[in-house]
Amino acid sequence: METVSLPLSHLEEGQSALVLEIKLTGSMARRLQDLGMVPGTCIRCERIAPAGSPTAYCIRGAMVALRRSDADNILMERRV
Amino acid sequence: MTPLQIQKKTPSDLVVALVGNPNVGKSTVFNFLTGLRQHTGNWPGKTVSLAQGRYEYCGRGYLLVDLPGTYSLITRSEEERVTAEFLESGCADVVLVVCDATCLERNLNLVLQVTEKVKNTVVCVNLLDEAKKADTQIDLTGLEQELGVPVVGTAAGSGQGMERLQAKLRAVGEGRLKPKPTTMSGTLCGNEDFLAETYVRRAEEIASRVVCCGGRGAVWQKKLDRVLTGKFTGFALMLLLLMGLFWLTIQGANYPSSLLQAFFDWLREKLENLLQFLPPYITQPLLDGVYATTAQVISVMLPPMAIFFPIFTLLEDFGYLPRVAFLLDHRFQKCGSCGKQALSLCMGFGCNAAGVVGCRIIDSPRERLIAILTNAFVPCNGRFPILISLILAFFAGSGPWGSLQAAGMLTGLVLLSILMTFAVSKFLSKTVLRGEPSSFAMEMPPFRKPRIGQVILRSLLDRTICVLGRAVAVAAPAGLVIWLVCNIQFQNQPLLYHLTTLLDPIGLLLGLNGIILSAFILAFPANELVIPMILLAMSAQTLSLREILTDWTWKTALCTMLFCLFHWPCSTTVLTIYKETGSKKWTFLGVILPTIVGVLLCLACNMVL
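Here the protein sequences line up with chains R and G, keeping their order.
Quick note on the working numbering: the first sequence kicks off at 912 and runs consecutively.
Quick note on the working numbering: the second sequence kicks off at 2 and runs consecutively.
Looking at chain R on its own, in the form it has when it is part of the complex (with noise of 0.2 Å):
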């Protein structure tokens, strides 16, 4: 059992991590800050869009829509 990092953008559906680290600042951070996206937070990816943004994570329960530009910025750790 080894663990990698990974941007949240490049979980696939139905995969699960935990929240490494979050590169955003401002506003959006605190805003997922909110939503209970911290450090060690385990974040499943539900369904993306048609398109490849955005993607739907389930986070503490409750779906939330991220762009693929902000799920590039935070880091997952995940063990494979």
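Derived by calculation from the structure, the hints in this document are not laboratory data.
Treat the hints with caution; some may be incorrect.
Derived DSBU-like pairs: lysine-lysine, alpha-carbon spacing no greater than 30 Å straight-line [said to hold, decoys possible]: (1) G/K335 / G/K271; (2) G/K427 / R/K934; (3) G/K335 / G/K224; (4) G/K118 / G/K9; (5) R/K934 / G/K133; (6) G/K232 / G/K134; (7) G/K134 / G/K450; (8) G/K232 / G/K335; (9) G/K450 / R/K934.
Once you have looked at the hints, place chain G on chain R.
Coordinates of chain G only, in the frame set by chain R:
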């Protein structure tokens, strides 16, 4: 800072502030308690609207103030500021935090922030019926111990637990029950980021103790989402739903419209009798001008809106609309905007003014402005009759095949207007409204059974009647102006004749004529007036458009339809744009943008075809 004007009916009324995340059923709780005894108002100086309502319980009055849905009190958005300010002002005797039992952990973040600020708090864990379906159990007593404030479990949609809730609110409000929230003041130091994280972790800790999550949520929800956001099925369904909505609105509105017209004709006779003692120079402008125009606007405007808005609100309640934004966000992002514009665009199909107000859901001011300025590019309910009449008169055959052709052409025109919206949005975002794409984090709530009775009542009162009121306020004076233009003589001809003659050269250049152009100008109060104005200008009393328009070619009809799609917004919309943006500059842009597009398109059509 002046707080919201609270109107207590009696001095002993208790003020209850209602807070909670979006989509937790806060409005259900509010509506259940206050029924129709409520009104919506604006927080002074801000565009956030707040509802206040009153109910009585055990001989005492309670004033509920419905604060905007927020995720936390720390972030600095308009909604969060309003909520935080209100809670800090001490206006509220009790604060009621409504939570969603199906995602309690996330909701606890706000609960903890509220109890940190206000001691007199009651927590309502709502949507217990949904939680049960999702196999989630909540230990309410345990939660009460952890938080130190009273906790009541409810399913507001069916009224479950509401009696207990009212009892608890009474107990806390009257001071007989004194909550002792477990504060975290010991650990709360450091910057805002650290603060926010602390709340999140504490919420996680509490949830792990009181929430028992069984399965992963209903399977049918996932299946439905798969269909609604699928590559082909998603878009196909969206198109079908939109077409279905149009068809229902148009078909369903015919009969009520003619009924209303008959009613107004009957009423007019009565009025004529009543006012017969007045001289004709007073009764004629009143009856033929003000009354006739207002009656026309109401009978044509009201039925379609009374069908469109409730259905739209039902879709909203069900949870479908975020899926639309989910599908279209990428497209809108490429045009410099965001997926929520799709929703205000859909509202615009009902009424452009309502669509402009609907732009409030867009967080970024820049993107909100783009959505407001482009809303008038889509045809509202008032413009559909024009398009349909012209299609049927000039382009479609008869019988069922003809109807299909007509439906196809209408859909084509609507798609054209949507394409134009994208193009102009992109243009705006590259020129006057340049900026970075905003932060987009959109919650997609689980599908819920819409509360049909509530929805229909709410949308009738809020959206339909409100827009209608504004339209009537504008139609009445406009009717007077129209009557004057048609009846005041100058050089032996009515003013209208002079107007149409003056506009003829410009009209012909655009593939129209002076009469059509005058009709559009005089129909500034409401697009519903265009056809009546054309008929009026041709001094005809019959209603068959095809018979009248013998000197029109199909090119004229096409240019008229294009101009109908792209011309200045109606006066109600212009007023609404001004109210929402607070700026004359942007309102002016909102007026000339569609006009320029319409003029250019008509010119092009006229030259090329």
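Evaluated hints:
Note on G/K335 and G/K271: the hinted pairing is violated, with a Cα-Cα distance of about 58 Å set against a maximum of 30 Å. A distance of roughly 28 Å separates the Cα atoms of G/K427 and R/K934; the hinted pair therefore holds under the 30 Å criterion. For the proposed pair G/K335 and G/K224, the alpha carbon gap of about 29 Å is at most 30 Å, so the pair holds. At roughly 24 Å between alpha-carbon atoms, G/K118 and G/K9 fall within 30 Å of each other, so this suggested pair holds.
For the proposed pair R/K934 and G/K133, the alpha carbon gap of about 37 Å is over 30 Å, so the pair is violated. Proposed proximity of G/K232 and G/K134 is supported: the alpha carbons are some 29 Å apart, at most 30 Å. Of the pairs offered as hints, the one joining G/K134 and G/K450 holds, with about 13 Å between alpha carbons and a cut-off of 30 Å not exceeded. Restraint check: the Cα-Cα separation between G/K232 and G/K335 comes to about 18 Å, which is no more than 30 Å; the hinted pair holds.
Between G/K450 and R/K934 the CA atoms are separated by roughly 38 Å; this puts the pair beyond 30 Å, and the hint is violated.
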